[in-house]
Each structure stands twice: as C-alpha cells, then as structure tokens.
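Trainee: Sequence:
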Amino acid sequence: MIVGFLIGSQCSCFHVAFGKQKNLSQPKPSLFVASVSVNCGTTNLGSRRGKVCKTKCSPIAKRFSSGPYEMPLYNLVLVNLKWSFIVNSAIFWALLFSNQRILTRSGLLHAYILGLVLWCCLGYSGWSTCVLFLILGSLCTRIGRHIKEERGIAEKRGGARGPENVWGAAGSGAFCALLYGILSPYGISNVSLLSLAFVASLSSKLADTVSSEIGKAYGKRTFLVTNWKPVAAGTDGAVSLEGTLAGILGALLLSCWAWIVGCISFHGMLITSVASLIANYVESFIGAKFQAKWKISNECVNAIMTTTSALLAIGLGLGLGVHQ
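94 is the number that full-length UniProt numbering gives to position 94 of the sequence shown; each next residue is one higher, with no gaps.
Mixed in with the good hints there might be a few duds.
Restraint ranges, calculated between C-beta atoms of paired labels, are given here [unchecked claim]:
hint, residue 1, residue 2, range
1, GLY319, TRP93, 23 to 33 Å
2, LYS229, ILE86, 45 to 55 Å
3, PHE266, LEU139, 37 to 47 Å
Derived DMTMM-like pairs (lysine to aspartate or glutamate); straight-line CA-CA distance at most 20 Å [as the list claims (entries may be wrong)]:
hint, residue 1, residue 2
4, LYS295, GLU150
5, LYS220, ASP236
6, LYS229, GLU242
7, LYS289, GLU149
8, LYS295, GLU149
9, LYS295, GLU164
10, LYS220, GLU242
11, LYS82, GLU164
12, LYS220, GLU164
13, LYS220, GLU299
14, LYS289, GLU299
15, LYS295, GLU242
16, LYS293, GLU150
17, LYS293, ASP236
18, LYS156, ASP236
Rather than coming from a laboratory, the hints here were simulated on the basis of the structure.
We treat Cβ as the ideally placed atom computed from N, Cα and C, and that holds for glycine.
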C-alpha cells in the first residue's frame, strides 16, 4: 500500500493556489508570498515567469508542471500541515491495527511524529524518501533471517524498530529537515544544502543496515576494518565484500529516489552517495575501535554516522558548487 502511494503520487506535479494566478515580469521576493509545488515539497520565494517549473522537481514531474501561483506563507503552512496530518494519520492507524512487524507500537508513534515533521518541512519528497528508507531497511533485516538466528546475530524483536532506532537512524535527518523548514522562507543563501544533508544522513544509515544485514547472512569472509584481520560475522566494525557491495547499492537507490522526487539534483545524488559511503566507513572504524571499549550504544554510533554524512554532504556541496 505504501509503495503504491509513493509511486502513484509521483505521477503528477501540481500547484495549489490561494488567490489569482499571476505571471510577473520581474520576481519580487517576499516573506509573505511564496510559489509552491505541493507534490515536490518545495517553497521558492517570489514568482516565476511562464510555465517553467523551477522548483526541485524531477524530470518526470517537470512535464506536468503548470503555471506559477502565489500563496501566502501562512496558507502554505496550513496546506502542508493538513496533508501531513491526513497522510501520516491514515498510515499510522492502518499500521496500528495491522500485523506489521516493521515498528513496535511506541516506535510507530515516534515514526508518526517524524513523518509529520518531514512532510511539513520538506513536503512529499522528503517524507517519501524516509518511508522508502524504512521499507528497504526492514526488508533487508528479514533477508536470511533464519541464518542469522542460527548464528545468534539476528536483530532483537524480530527486526521491529523502536523509538531509539527511529531517532538514532533519522534524528540527524529530522534536524536538517526542521532547519530547512524554518530557514527556507527567509531566502537564506545555500539553505538548500540542508536537503543534501537530509538525504545523505538517511543514505548512510541505509547503507549501514543493508551492508550489515547482507554481510551477516551471506558474507563469505568478514574482516575487521582497523587491521583487516578475519573475524566472525556480526562483530562490531567488521565488513565483507558482499555486504559492502549491497550497502553501495542501497545508498545509490535511496539517493536516486530522492532525485526522482525532486528532493535533490542529479549532482546532489552523487554527492549524497559518496558522503554516505565515507560515513559508513567511519561508523565501521568507530565500531571496531571504540564501541566495545567505551560501551557506546548502536544508536549513538548511528547518530554519529548520520551526522558525519550530513556534514560531509554540506562540505562537498559547498566545495563543488552543488547546492541541491
């Protein structure tokens, strides 16, 4: 159901208008009037000439883009709040009374709050990227589960995510989204770098989850990242060829989706993929060197990794001149 909603919603890029449609010859930025593409989840100050979609739409979405509209900022906030509440509440109640094993009950409540924040701040594009992240991560947790259970290295609670998992994985991304939502109406320079940071943080965590779960089940040889000596599968800081390749694919898939829905640009997709893979290596190094010694929890290590990925994406974006 959720996957169908993700795909179906991307088939159009529409604009919601309050007031009259206008084509102005010169853009006039204002703190109270914003042109908005609801489906792309972006807010650009001022107006746009003609029928050129200058929001962060994917090539598919741009084909359906119509003329520019103006919307008072408070109306824009109300529209985002309304759709955020409708969509997230519908999914929350559907999952609450279903037999799903993706999230615990408390984890579902925290994921609901996260979903509200993401839709309000980044719109559908950011929200759907996080939903895809959750789906792919949960699927990978279940791959080869019987093998991991036999080895005693399977995830607890059958892989269901609790509140600590929700915020350990998506806390940095939520912070970036919140900053973007607060700062973007004021036209602050380079604020769109925060969308790069958001995608990079989720991509790094997905790469970590995919590489870990595939490596534990199907990794033929596992090495400790600090000295490259063979160790048992499931050891903190251990990597395998199979898991590493799967993690790269996971990071690329999530970054590609973020580009398709217009959260980031094509060059931004490359930056988030690179940043997430570097951060993934940093996480493995911390796990091998310090996690057991300093008794650092997995959630804390995840927060360090996702924050590192977000900062790397911002740095690479500034250095290469890619701001989205």
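Trainee: Decide, hint by hint, whether the structure agrees.
Mentor: Checked hints:
1. The hinted range of 23 to 33 Å is not satisfied by GLY319 and TRP93, whose Cβ atoms lie roughly 45 Å apart.
2. Our hint of 45 to 55 Å for LYS229 and ILE86 holds, since their Cβ atoms are close to 53 Å apart.
3. Taking 37 to 47 Å as the suggested C-beta distance range, the pair PHE266 and LEU139 does not conform, at roughly 26 Å.
4. Proposed proximity of LYS295 and GLU150 is contradicted: the alpha carbons are some 26 Å apart, above 20 Å.
5. Restraint check for LYS220 and ASP236: the C-alpha separation of about 17 Å stays at or below 20 Å, so the hint holds.
6. With a C-alpha separation of about 17 Å, the suggested pairing of LYS229 with GLU242 holds against the 20 Å cut-off.
7. For the given pair, LYS289 sits about 26 Å from GLU149 by alpha-carbon distance, which is inconsistent with the 20 Å threshold.
8. Distance restraint check for LYS295 and GLU149: the Cα-Cα separation of roughly 24 Å exceeds the 20 Å cut-off, and the hinted pair is therefore not satisfied.
9. Proximity of LYS295 to GLU164 is assessed by CA-CA distance (about 16 Å); at most 20 Å being required, the pair is judged to hold.
10. Under the criterion of a C-alpha separation no larger than 20 Å, the hint pairing LYS220 with GLU242 is consistent with the structure, at around 8 Å.
11. In summary, the hint linking LYS82 to GLU164 is not supported, as the alpha carbons are separated by about 27 Å, beyond the 20 Å threshold.
12. Between LYS220 and GLU164, the direct Cα distance comes to roughly 31 Å. Violation of the 20 Å bound is thereby established for this hinted pair.
13. Under the criterion of a C-alpha separation no larger than 20 Å, the hint pairing LYS220 with GLU299 is inconsistent with the structure, at around 27 Å.
14. A threshold of 20 Å between alpha carbons decides the hint, and for LYS289 with GLU299 the separation of about 16 Å falls inside it, so the pair holds.
15. With a CA separation close to 28 Å, the supplied pair LYS295 and GLU242 exceeds the 20 Å bound.
16. Between LYS293 and GLU150 the alpha-carbon distance is near 27 Å, which puts this suggested pair outside the 20 Å criterion.
17. Distance check on the hinted pair: LYS293 and ASP236 sit about 11 Å apart at the alpha-carbon level, within 20 Å; holds.
18. Proximity of LYS156 to ASP236 is assessed by CA-CA distance (about 16 Å); at most 20 Å being required, the pair is judged to hold.
Comparing the model with each numbered hint stated earlier shows that hints 1, 3, 4, 7, 8, 11, 12, 13, 15 and 16 do not hold.
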